[in-house]
Amino acid sequence: MSATAKGLALVPEPAGHADGPRASAVRPVLSFEQVGFDYDGRAIMRDVSFAIAPGELVAVLGPSGCGKTTILNMVAGFLKPTAGAALIGGREIAGPGPDRGVVFQAAALFDWMTVADNIAFSLRCAGRPKAEQRQVASEMAALVGLSGVEGLYPYQLSGGMRQRVGLARVLAAKPKVMLMDEPFSALDVQTREVLQEEVLRIKERTGCTILFVTHSIDEAVFLGDRIFLLNDLKEGRFEEFRVDLPAPRANGENRLHPAFIRLREAIYRQMRH
Amino acid sequence: MTSSDRRARRQYWAVAILSPLAIFLLWVFVTAQGAVPAIILPSPAAVATSFLDMVQRGYSGVALATHVGASLWRVGVAFLIGAALGVAVGLLRGRIPVIDAIFLVPSEIVRPIPPLGLIPLFILWFGIGELSKILLIFIAVFLIMMVNAQAGARSCAVDSLRAAQSMGAGRWQIFRFVVLPSALPQIMTGLRIAMGTALTILVASELLGGDRGLGFLILDASSFFRTTYVFAGIILIGLIGLISDRGIAYLSRRIVHWEGRR
Ligand SMILES: Nc1ncnc2c1ncn2[C@@H]1O[C@H](COP(=O)(O)OP(=O)(O)OP(=O)(O)O)[C@@H](O)[C@H]1O
Ligand SMILES: [Mg+2]
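For the protein sequence lines, the chains are A and B, in the order given.
Note that the working numbering numbers the first sequence so that position 235 is 239, with each residue one more than the last.
Note that the working numbering numbers the second sequence so that position 50 is 107, with each residue one more than the last.
Just chain A, with the same shape it has in the complex:
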């Protein structure tokens, strides 16, 4: 049970590599091939490559402004790489779609819709019948612990409840991939930890692949199967850490596990140097 820190993880490793199923052993859901991106001629990243396996949760750490949101936006289809290719299921990402759900930092709920209508939005867009919308809304509300507030409006909810709605509406669309951009950073510690465990339970239940951006090393270690530490994206390099914590992962006690503490320290040193 050891946390391994290794530098310069780039292209997916060759299949059949050392210990256990790797990202590359199965066909990746999500991959970057030598992706470059610039904003108005200013290079943000170049030659970035990685592959993420189905059902994997990759936590993305890195200093402010290093390009975490930019990566998420390219996966979501909001931005297009200026070089290389971003692929979902082997096909180039052409634009936003319901196969990739996004949980925003500020929830970005629709204030003019009730919680139920927010959650069922993807079904409404797909033209599903009203009864089905209502049923899925209450199922998803229950899944994220929001039963009973389906009729309220977002402004009547607390910050933690709003993030749960943001999570539930993405789950209702049954995405292959969930993209989460510091979704819990504005919440208090207790709420954040509860929601982190929620995310792990949901991941287990749905088999969803998750890309989770965070500023918190603890959050990254607690949630991630792997952690990308983006410290040199302009040169196409980033550190990769594999997390090795006992299953079931949705267990708060893992925060006290020696492997947790060791990995946290390793990442901390890496970030400081």
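The hints are simulated quantities; they were obtained by calculation from the structure and are not laboratory data.
Where is the CB? At the ideal position from N, CA and C, for every residue including glycine.
Take these hints with a grain of salt, some might be off.
Restraint-style ranges between C-beta atoms, simulated for each label pair [to be verified]:
no., chain 1, residue 1, chain 2, residue 2, range
1, B, R318, A, V193, 50 to 58 Å
2, B, I156, A, K84, 21 to 29 Å
3, B, R228, A, R132, 17 to 25 Å
4, A, K84, B, I159, 49 to 57 Å
5, A, D192, B, R310, 30 to 38 Å
6, B, R310, A, S189, 29 to 37 Å
7, B, G133, A, R132, 34 to 42 Å
8, A, A135, B, I180, 28 to 36 Å
Put chain B with the ligands on the given structure of chain A with help from the hints.
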């Protein structure tokens, strides 16, 4: 609502009712002194008498209700069509650059022209009938609503648009479920401004001739120095303005219930 909220509300309404009452009493007081000639500022009683006279016998051979109805119809038709088209064009301009480009120069050239300046042209083009009057009000309402709806559409949060896209919303659905609701607060404010302007222009448009309407009544009475009738007409228009404004404000609180509560 807490009890201190309730007290604050009571105070608010007490002041809102006392303030016009004070103006009314001042009016009674000034005219009772006889300091001002009645032709310049008639007493409330004289205005009330003229009002009752109009209720019973009409004005210049036309029933008062007909005058009011004619004005309401002109404002109503112009307002509804102007607001609907203005909102539609404004929202499209706010989201689609080509449409914005099409309307940019023409609408910015027309916008600064005072409606009164258009009257001679409208008489030439559309005559002095209903069409000219309604078009004059329509243009003012349309332009106000277009500007407000456009600004509202532009204020739509990027994250809301992205969230909708990544939940599979198509162009029309994004428009209907995200852009329009985001713009609603500003549209409702626009409606209040447009209604005030529409009533102002109503009076001007009834300069165009014709023999009915509150604007006609006021202008006709003033040219014969029947100041009490002028006052009665002005107060009627003012009341219509007050009621319609309160109505729109009430609707907007119900429709845009989320505003200011995020
Ligand atoms: N719309 C934009 N136009 C121009 N430059 C941008 C834009 N958005 C981001 N950038 C630049 O791109 C770089 C990466 O931004 P990004 O938002 O991906 O950072 P981040 O890693 O998510 O940071 P944070 O942790 O602060 O959220 C930053 O240097 C930023 O200045
Ligand atoms: Mg960011």
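Outcome of the hint check:
For R318/B and V193/A, the hinted distance range of 50 to 58 Å is not satisfied, since their beta carbons lie about 27 Å from each other. At about 25 Å, the beta-carbon gap between I156/B and K84/A stays in the expected band of 21 to 29 Å. For the pair R228/B and R132/A, the supplied restraint of 17 to 25 Å holds, since their beta-carbon distance comes to about 19 Å. The hinted range of 49 to 57 Å is not satisfied by K84/A and I159/B, whose Cβ atoms lie roughly 28 Å apart.
The beta-carbon spacing between D192/A and R310/B, approximately 33 Å, falls within the hinted interval of 30 to 38 Å. Checked against the given bound of 29 to 37 Å, the beta carbons of R310/B and S189/A, roughly 34 Å apart, stay inside it. For G133/B and R132/A, the Cβ-Cβ distance of about 40 Å falls inside the hinted range of 34 to 42 Å, so the restraint holds. Restraint check, A135/A to I180/B: a C-beta distance of roughly 59 Å breaks the suggested window 28 to 36 Å.
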